[in-house]
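Protein sequence lines, in the order shown, are assigned to chains A and B.
Quick note: the first sequence, position 288, residue 287 per numbering that gives the first Met the number 0, numbers continuous.
Quick note: the second sequence, position 62, residue 61 per numbering that gives the first Met the number 0, numbers continuous.
No incorrect hints appear here.
Capping the alpha-carbon separation at 25 Å, the derived lysine-lysine pairs in BS3-like fashion look like this:
hint, chain 1, residue 1, chain 2, residue 2
1, A, Lys218, A, Lys243
2, A, Lys363, A, Lys61
3, A, Lys158, A, Lys137
4, A, Lys49, B, Lys21
5, A, Lys295, A, Lys264
6, A, Lys218, A, Lys58
7, A, Lys158, B, Lys11
8, A, Lys264, B, Lys11
9, A, Lys295, A, Lys158
10, A, Lys240, A, Lys218
11, A, Lys243, A, Lys58
12, A, Lys129, B, Lys11
Over the 12 Å line for every Cβ pair with chain A, so calculated as not near, a few chain B residues:
hint, residue
13, Glu10
14, Lys11
15, Arg24
Derived from the structure by calculation, the hints contain no laboratory data.
For each residue, glycine too, the CB sits at the ideal point set by N, CA and C.
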Amino acid sequence: MEKSSNPQPKFDQASQSQALLNGIERIAGQYGQEMVLMEVCGTHTVSIFKAGIRSLLPKNVKLISGPGCPVCVTPNEYLDRAIAVSRLEDVIITTFGDMMRVPGTSSSLEREKTRGADVRVVYSSRDAFKIASRNPDKRVVFLGVGFETTAPTVASALKEARQENLANFSVLSAHKLVPPALELLARSPDLNVDGFICPGHVSTIIGLEPYQVLAQEHKIPCVIAGFEPMDVLQAIWLLLKQIKQGTHLVQNQYVRAVRPEGNPKAQTLIHEVFDVIDTRWRGIGVIPQSGLGIGKQYQEFDAERLIRVEVEASREPEGCLCGEVILGRIQPPACALFGGQCTPESPVGPCMVSSEGTCSAYFKYGQN
Amino acid sequence: MCLGIPVKIVEKRGSVGIAEYKGVRREIGLDLLDQVQPGDWVLLHAGFAIQKIDQEEAQKTLKLFEELESIGEEQ
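Bound-form chain B, shown alone (with noise of 0.2 Å):
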């Protein structure tokens, strides 16, 4: 039930976004987040944006495969 679904916010009207997901525009809450902004991609969980995603974070996991490929071959 703590689903989340990564949108995009491509509009904002007060403490309202609109989200895009696969094409689909829903009107969303923005009243967890400060500093939201079109073209900001948040989690979306029961209409609220839940927490900021960040690209660059994303990448984080994909280093840890780095990580584990290293280790790996220590063993």
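Pulled out of the complex, with its shape left as it was, chain A reads as follows (with noise of 0.2 Å):
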């Protein structure tokens, strides 16, 4: 029965990466100049990072990573606020993993746990929220970092928290949106970007639209991308075609999951329960409009506003540069921490920390 296989393509590895690596070549052997691609996504990053793809690729085609992880974008104020309010003693912390081992100003969460604070690494919020239930003299502050794709899964928490009257539960957000820090790449002078591998998860809910400036004002080609090594190679195929023919259009790889209009009910629950907000990068600085916070609608939710803490002054680690990494400005060999001072083991910056971080693919797979 069709609806019961998995609806993954079933792919024929060899001989259809062999004719895409051949498509590739023989494109950028047409061109001849240089061509540079940027992966926006670090779960692309690492895809692409464990496949081996950058080697594979010809010379003249480069990939770089954008600042498409979370986690590495997410700047030391937000971590040192979530650290002071960890310590406060009816507090209980719930968090994605990613978050634990990054290090804030002085601290970082994981620290904090093992000094006595109740930290737990939670799978989705709707875990953060039954932790709350069950803990009525608590208060259980969730960490809402990621992207599009997760904020409408804090959104429906907090509607659900709502309903519930689950007066201890609370979220405090540092939600970020794709499509702002992107156009800040396209108009920076600096940084010469031939197409976009833009990010499948994050399209399931934003759909194609948002792109649309870049490719239409910006003239960079877009290509949405699945995480499949052979959704990467065909996505790389596509924005080269788009190079050599002059186009620049929003096109769509990743048809499986993503509908031009994305996820509609998303989309209304993000604005539902956020605002869009001004907000800071990690090593970019604050982008207009390109966070979320927690909507006036549903304030008594806002730990930021709820929870009064002291939080130390922020300073970035000394010597990390996490910031021109994100940006893509350079690759993580070129900082003199990088496998010394700074390693998955013992990381000094978040983008050696997560698993999505460049820093991090890169010690673990080489310069595939």
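Build the complex from these two chains, which are given one at a time in their own frames, with help from the hints.
Here is the structure:
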């Protein structure tokens, strides 16, 4: 029965990847000049490194990683606030696992946990919600970190909290929006990106339209891609074809999961619960209208408003070049800390902590 | 962090579904999608189904390869 089989395409890996690589080789050879593509999403970065795709590409096709790792772009001031909140006696912090080891200015959530703070790793905002239901005498704070993919899941939990009158649940929101960051990159005079490999799962929510400004105004071709190595190769091939032909369209390679309109129900939920706000990105600074803060309608669930704490003066780690890596300005080995002082076991910056960070992928898989 | 896993919905109780992935069943939120039915494949992210996955559309990915091959021949 059609419906019961896994709907991932059945790629014929060997012959199709060779056909794609031949196609890529051919276009790159005909075009001659350098073509720089940015894979925006951290999950793509990992997929590219695991499959060794960089090493398979012609010399004039370069892949650089972009700002699509939520943990990496969350600034220290947010972490420092979360750490300060975790020190309160009556608070349980709930967070995705990736945030635990990220060093703040003088501590990390993991270190606070060893000192006795109640910090719990959850898989979903639904789990955080359940912890709040079971612990009515505690204030349960969920660390809302992530892009458009994650924001509606958190919005849904807040809506449920309102329905259930769950007064001890709140969210410290650092949610960010991908298109404003890409537009900033497109405007940046020192970064020459010829094409964007756009994030597949962010696009399941936002659809194709938000990328049109990049294609039409900035004349940069965009291809939304899935996460199998074959998806990524296909996206690269589509981008190279566009660059060679001089077109700049938004194309969708990930048709099995991305509808042109995205997920309207999730979009409505995001706007019901959150307001679009200016927000700070690590290494970039404040990008106007690039974040999601908890809106007035849901302010009784806004941890930043509810829980007053003294937060230490935040500093970024000394010598760490995560900010430059996030923007695709340098590759990790250009950082003096990379591989010596900064490793996945003893990370200095978030790009080495997060499994999706570019530094971590470079360290684990080499310069593939 | 935007990981999404294709899972099959095997049961539905209001806005909560039971999803199966490699033989393991777990509860997931269905609030972000309309009209999800048992038997549907969805993309699971952070405990919620964020989009239905379309078998026919999946096949279109493969059709692009045919295009690739024909264009490859022309050039």
